Amino acid sequence: GAVVSQHPSWVICKSGTSVKIECRSLDFQATTMFWYRQFPKQSLMLMATSNEGSKATYEQGVEKDKFLINHASLTLSTLTVTSAHPEDSSFYICSVRRVAGSYEQYFGPGTRLTVT
Amino acid sequence: AQSVTQLGSHVSVSEGALVLLRCNYSSSVPPYLFWYVQYPNQGLQLLLKYTTGATLVKGINGFEAEFKKSETSFHLTKPSAHMSDAAEYFCAVSGGNQGGKLIFGQGTELSVKP
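Listed in order, the protein sequences are those of chains C and W.
My numbering applies: residue 129 is where the first sequence begins, and numbers increase by one.
My numbering applies: residue 709 is where the second sequence begins, and numbers increase by one.
Check before you lean on any hint, since a few could be wrong.
Stated by the list, open to error - No farther apart than 27 Å at their CA atoms in a straight line, the calculated lysine-lysine pairs in the DSS-like style are these: (1) 777/W / 821/W; (2) 757/W / 148/C; (3) 169/C / 183/C; (4) 169/C / 821/W; (5) 169/C / 194/C; (6) 183/C / 148/C.
By construction, these hints were calculated from the structure, which means they are not laboratory data.
Computed from a predicted structure; not experimentally measured.
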């Protein structure tokens with residue numbers, strides 16, 4: 129498999145502030161990373177596809193100005209939740225795709241965001 | 709377009725009993741199929757995958773799944789459940805021109821009774 133880390137593992141922030149979540153591929157270079165959110169007892173919903181060196185591709189209904197994604201290097205992608213509100217509280221999970229054309233994804237441990 | 713349906717949001721079995729988690733998919737192109745497991749407050753771990761070739765695939769922890777094209781199914785089984793198998797299981801499909809996106813089913817929570 130592959131090792132993917134996320135930081136922080138959990139974060140509590142006040143409404144109106146911004147939070148940055150990091151996703152790192154620790155043992156290989158990832159040209160593509162994915163960001164998901166998961167509500168309690170629900171499935172994963174793809175938010176966006178992050179490609180190194182280019183703009184992220186957002187899924188329909190996801191606000192690109194609210195969820196800023198930066199894939200600055202082949203091992204790091206960040207998700208910034210701007211002006212967070214309580215409804216943004218969720219479990220955010222990233223994944224990496226190992227080889228272009230391979231559809232196998234390796235997932236990070238997730239970040240629990242709570243907005244008060 | 710692709711989609712996945714997992715039959716049964718919750719399955720309960722006794723320890724030592726057969727585990728059967730059902731997954732049906734819809735895909736206009738040859739699918740790549742995956743089963744992932746998620747423990748509370750953790751990410752997803754790949755159990756097994758089908759891409760091409762042998763339709764019966766074996767994964768980790770004694771799980772296996774069979775790709776049946778005629779039934780558009782990819783059910784997950786394990787002959788004997790263990791307490792540590794209690795978790796959430798997700799079936800997912802990918803392939804074609806979806807850019808490697810995974811489409812997940814709704815998930816099935818597996819409980820194992822002693």
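The hints, checked one at a time:
1. Note on residue 777/W and residue 821/W: the hinted pairing is violated, with a Cα-Cα distance of about 33 Å set against a maximum of 27 Å.
2. Restraint check: the Cα-Cα separation between residue 757/W and residue 148/C comes to about 32 Å, which exceeds 27 Å; the hinted pair is violated.
3. Between the alpha carbons of residue 169/C and residue 183/C the distance comes to roughly 31 Å, so the proposed pair goes past 27 Å and is violated.
4. With a C-alpha separation of about 20 Å, the suggested pairing of residue 169/C with residue 821/W holds against the 27 Å cut-off.
5. At roughly 24 Å between alpha-carbon atoms, residue 169/C and residue 194/C fall within 27 Å of each other, so this suggested pair holds.
6. Of the supplied pair hints, the one linking residue 183/C and residue 148/C holds, its CA atoms being roughly 17 Å apart against a limit of 27 Å.
Figure legend: structure checked against the earlier numbered hints; hints not met, in rising order: 1, 2 and 3.
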